[in-house]
Amino acid sequence: MIKIGVVDTTFSRVDMGGFAVDELKRTGTGFKVERRTVPGVKDLPVAAKKLIEEQGCDLVIALGMPGREEIDKVCAHEASTGLIQVQLMTNRHIVEVFVHEDEAKDAKELAWLAEKRAREHAINAYDLLFRPGRLVKNAGKGLRQGFEDVGSIG
Amino acid sequence: MIKIGVVDTTFSRVDMGGFAVDELKRTGTGFKVERRTVPGVKDLPVAAKKLIEEQGCDLVIALGMPGREEIDKVCAHEASTGLIQVQLMTNRHIVEVFVHEDEAKDAKELAWLAEKRAREHAINAYDLLFRPGRLVKNAGKGLRQGFEDVGSIG
Amino acid sequence: MIKIGVVDTTFSRVDMGGFAVDELKRTGTGFKVERRTVPGVKDLPVAAKKLIEEQGCDLVIALGMPGREEIDKVCAHEASTGLIQVQLMTNRHIVEVFVHEDEAKDAKELAWLAEKRAREHAINAYDLLFRPGRLVKNAGKGLRQGFEDVGSIG
Amino acid sequence: MIKIGVVDTTFSRVDMGGFAVDELKRTGTGFKVERRTVPGVKDLPVAAKKLIEEQGCDLVIALGMPGREEIDKVCAHEASTGLIQVQLMTNRHIVEVFVHEDEAKDAKELAWLAEKRAREHAINAYDLLFRPGRLVKNAGKGLRQGFEDVGSIG
Amino acid sequence: MIKIGVVDTTFSRVDMGGFAVDELKRTGTGFKVERRTVPGVKDLPVAAKKLIEEQGCDLVIALGMPGREEIDKVCAHEASTGLIQVQLMTNRHIVEVFVHEDEAKDAKELAWLAEKRAREHAINAYDLLFRPGRLVKNAGKGLRQGFEDVGSIG
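Protein chains in written order, with my numbering: chain A, 1054 to 1207; chain B, 1054 to 1207; chain C, 1054 to 1207; chain D, 1054 to 1207; chain E, 1054 to 1207.
None of these hints come from the bench; they were simulated from the model.
You can't tell identical chains apart in this list, so a pair holds if it fits in one copy or across any two.
30 Å max Cα-Cα, derived DSBU-like pairs, lysine-lysine:
| # | residue 1 | residue 2 |
| --- | --- | --- |
| 1 | Lys1078 | Lys1161 |
| 2 | Lys1103 | Lys1194 |
| 3 | Lys1190 | Lys1158 |
| 4 | Lys1190 | Lys1126 |
Because the structure is a prediction, the values reported are computed rather than measured.
Hey, can you work out the whole structure from these sequences and the hints?
Here it is as structure tokens:
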């Protein structure tokens, strides 16, 4: 059976992993979920790799909420670079779901954004595994996760 | 038979992969195309690697349209770094076709640019596989993809 | 028996490794500690890798205090990138504990911060090895190491 | 027989590869040259790796002319990072010869600079292969390729 | 017998490798030195890797003097990233000794700084190989190489 890893952080101010797991379950069946939590986004890459190599996950959703300072941007960049490396070492997709604290105007919008992006990327993860043709059909459609889609100009 | 992978994104506002496939077919024969679409540019590296290693592609064209924000520039940089790594892990060329939203003055020019660059890079991909001598003949010619060539000053 | 590596620097102005070792011992038992010190943060990655591969450490805590200049920020970024690479090469967590000199308003606060962050991350290291469920319970809680937690907005 | 790879780009406004080949031939004998051209600097790393691993080159000279925009600087950085990676994967030197368009005050100086730097680095490549002692003798001499040497202050 | 590699550049304005070798010999015995020189800092990583893998060096000291321009900072960053990668590929320490031209107020101070830092890092290299306990004793002491130590605040 297909196994999906979900890993998030204690640094985040929203239980993003919880929303991802919930949305996966609403979207379809035929998979099991393996959940982990690490301190911060820089701990995500190795946690994702362990989910793939030690727990047999076929895909991982990695969620985090980088802060608003310059140093947080650097941490997010390091984490993203690591997550890409893991994908290349394992030939497995990792769907990165990062919400930067300064993307939202206040705590309420931030909580809304984190939940919405986590849910929409959970569907992307599901599509990568079970419905790749649905993604091809949406090529160039200007889709966004969280805020509104910008749409196609083709 | 030679196999060319084409992978683009749902984030892009133009079906760049479609234009690349069309141009490949106008340019020559002797190859098959394998098409994939992923959510965003950071998903391109592993998708390209899977096209090479799991689908046997000899070359991949990876297309995306990074946004105009600072965070989009960082994502594009991470994606490009990953695409170079894939090339080094597989000894296969990946022709990266990125069009940044802020390269064009409006949506109409952006759509034009995305199509033109996708088409011209599809020809580069074809040349890398079938006509390497044509590239050597153009060494130092100041060629550009999309906007006008700047030409040689030699 | 579980082995935890602790590596810090002579560049740091606080004996951060000493505090990490002390806190580990207050937190639990069932592990041995292997201690190393290197000149600066850029020496940490290979030292951590040697602790894992040559000394058999199951996890490493890597501590450093980057300076306040632009060049120090670059060094910290290079070190962090290296520490993530080591984790991916070994499938072992490395808990990075960096305190930037300009995070604190004076030497007194800096000393306090370096000790507090080293201690709190030592507990994170312990949890990753012995109490992973405790981390999952804290997913999205807005935890910080050093300064006060910012809390959940979920 | 020693084999030297030379790879440049169609993006460059000067046939830098041609100058490198010419200078190699003026400098010595005992080697063969293998020439390639790719679209842009980001295509250089894999081309260099293929020259080493598929064509048996002992050293590669990789030449390019990044543009004056911020995005061009990022591309050059990505290419350089890739060229270093190739060296570490193959234990072969790659002599990178990049001339940034904004290094020169006009097209005439740019053409002069590109030729001069290509020629002087071709000699460095020759020395790395055939005269390493000549480099040691010049340690700390403040040598530059293209513009004038700045000299030693020792 | 222990073998220490020393590699520097013709770009540097000071014979930093010479000072490192001299200081190593003043500090102790029981090792041999293998010396190399390359054009610039970006050539250091592969040279260091070759010293380790082809010449059997147990540790390498890599010395360079990046210039004062933005492009020089980028080159130094690329070189440093490569030097860390080599360490992770070989499990050997590389002591990086970079002196940026703009760290000193004039040529005289720059020459002084380059010699002093080269000498002090040569001792660090010696300690990593022969006296690791001496480094642990200095953990958190705020040591610097070149300019004055800043000291401990613990």
